[in-house]
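One letter stands for each residue in the lines below.
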Amino acid sequence: MTHLLPLQVQSVSVAIDARQVQEIMGQRAAVFLPGARSEIPGVVAWRGRAVGVFDFAAVTDGLTPLDEGPPRSRTLVVQVGANTLAVPVDAVREVREVTDECIRAPRVTAQKFAAAEVELDGVVMPIFDFAAFIDSIVVDEPMALAPMAKG
Amino acid sequence: MTVSTSTFVAIRARETHWGVHAKLVKSIVSERDWSGARPFEMAEALGVSVEQDDSPHPILVLATDEGSLPFRAFGRLLFRQLDVASVLPVPMLVRCPGKRQPVTGIAFQENGPPLVVLDWIALLAAAREGTPG
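Chains as they are written, first to last, in this note's numbering: chain A, 114 to 264; chain B, 59 to 191.
Because the hints were derived from the structure by calculation, they are not lab data.
Incorrect hints may have been included.
To be verified - Here are a few chain B residues that face chain A, going by a calculated C-beta distance under 10 Å:
| # | residue |
| --- | --- |
| 1 | 73 |
| 2 | 104 |
| 3 | 128 |
| 4 | 136 |
| 5 | 147 |
| 6 | 150 |
| 7 | 153 |
| 8 | 158 |
| 9 | 163 |
Unchecked claim - Which chain A residues stay away from chain B? Per the calculated CB distances, all over 12 Å, these:
| # | residue |
| --- | --- |
| 10 | 116 |
| 11 | 136 |
| 12 | 150 |
| 13 | 219 |
| 14 | 220 |
| 15 | 229 |
| 16 | 233 |
| 17 | 234 |
| 18 | 235 |
| 19 | 246 |
On a predicted model such as this, the values are computed, not experimentally measured, just so you know.
Backbone N, C-alpha and C define an ideal beta-carbon position, used for all residues, glycine too.
The following block holds chain A by itself, in its conformation from the complex (with noise of 0.2 Å):
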């Protein structure tokens, strides 16, 4: 079994590993950081730390950046390994517990970052993978999680 968790960014509906969900959080002001990536633009504080805030609009075709669009409504913290994100959102749907039967391979999306995608309520949507994520920015710059700050 895996739970899955919906999200809604705009227009877009994407499901999460459950389990990597730390905190769901209402609205945070995001401080956007000049010289950042744009999945990554900026940070907010969360448990005494400044984790950096993944925007799904700089992965996803059609969506409104963060610091050009409203904000969102909820922020998720995800824990991906030893990395902390915040994930602003515009909804969050309840846990749902799918068998692996329920996982496919991507045939009616099409998001980076995501190999799978499931039905839900009728919505097909895509499972995204934070952790093929940040392995890709790992890929792009070895030095990225040497013994500096993470999260």
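With the hints as your guide, set chain B onto chain A.
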């Protein structure tokens, strides 16, 4: 318990303060009274977009190894005094390969806007190169 504080000269822009350590600032001169070399635009050095307004912005004269370098602020100035421990490092994931990020840390305060602490070495490098950070 000992608390170590630092004072920053901060530029107020929207909901964020952008600060440099006060000890690096040799002087602050109004734009009207400034008669030195053409100041470098700090907003350009940072690569941030700012709302255009007609109000004059002060000149910060930053100390360098060779003397000083003027920067034009992009908002009103204020002083912020913070516990050094409240300045948090920027996560490495936020940094983009190949781009200079002129930020060393950030302080979130309950009673005020966040303060982004600027990397003055990166700022000076951007000024010397004449290119945004």
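| query | Far enough from chain B: is every CB of that chain over 12 Å from the CB of residue 229 of chain A? | reply | For residue 229 of chain A, whose nearest Cβ neighbour in chain B is about 24 Å away, the distance exceeds 12 Å, so it holds.
| Under the criterion of a CB-CB separation shorter than 10 Å, is residue 128 of chain B in contact with chain A as hinted? | Violated, because the Cβ-Cβ distance from residue 128 of chain B to chain A comes to roughly 20 Å (cut-off 10 Å).
| query | Quick one, is the residue 150 of chain B hint okay against chain A at 10 Å, beta carbons? | reply | holds (5 Å)
| query | Given residue 147 of chain B was flagged as interface, is its beta-carbon under 10 Å from a beta-carbon of chain A? | reply | Constraint on residue 147 of chain B satisfied, holds at 3 Å.
| query | How about residue 73 of chain B: closest beta carbon in chain A under 10 Å, or not? | reply | holds (7 Å)
| task | Find the nearest Cβ of chain B to the Cβ of residue 150 of chain A and say whether that gap is larger than 12 Å. | result | Non-interface label fails for residue 150 of chain A: nearest chain B Cβ at 4 Å, not farther than 12 Å.
| query | So is residue 219 of chain A really clear of chain B, every C-beta pair being over 12 Å apart? | reply | Correct as stated: the minimum Cβ-Cβ distance to chain B is 26 Å, above 12 Å.
| said: Quick check on the hint: residue 104 of chain B CB to chain A CB, less than 10 Å? | reply: Since chain A brings a Cβ to about 5 Å from residue 104 of chain B, closer than 10 Å, the hint holds.
| field | residue 234 of chain A remote from chain B - nearest C-beta pair above 12 Å | value | Fine: 33 Å to the nearest Cβ keeps residue 234 of chain A off the interface.
| Can we trust that residue 235 of chain A is non-interface, i.e. its beta-carbon lies farther than 12 Å from all of chain B? | holds (35 Å)
| request: Confirm or reject the statement that residue 233 of chain A sits farther than 12 Å, beta carbon to beta carbon, from all of chain B. | output: holds (29 Å)
| field | Status of the stated non-contact between residue 116 of chain A and chain B (beta carbon gap over 12 Å) | value | With a cut-off of 12 Å, residue 116 of chain A remains clear of chain B, as the shortest Cβ separation is near 25 Å.
Going down the numbered hints, you'll see the structure goes against 3, 4, 12 and 19, while the others check out.
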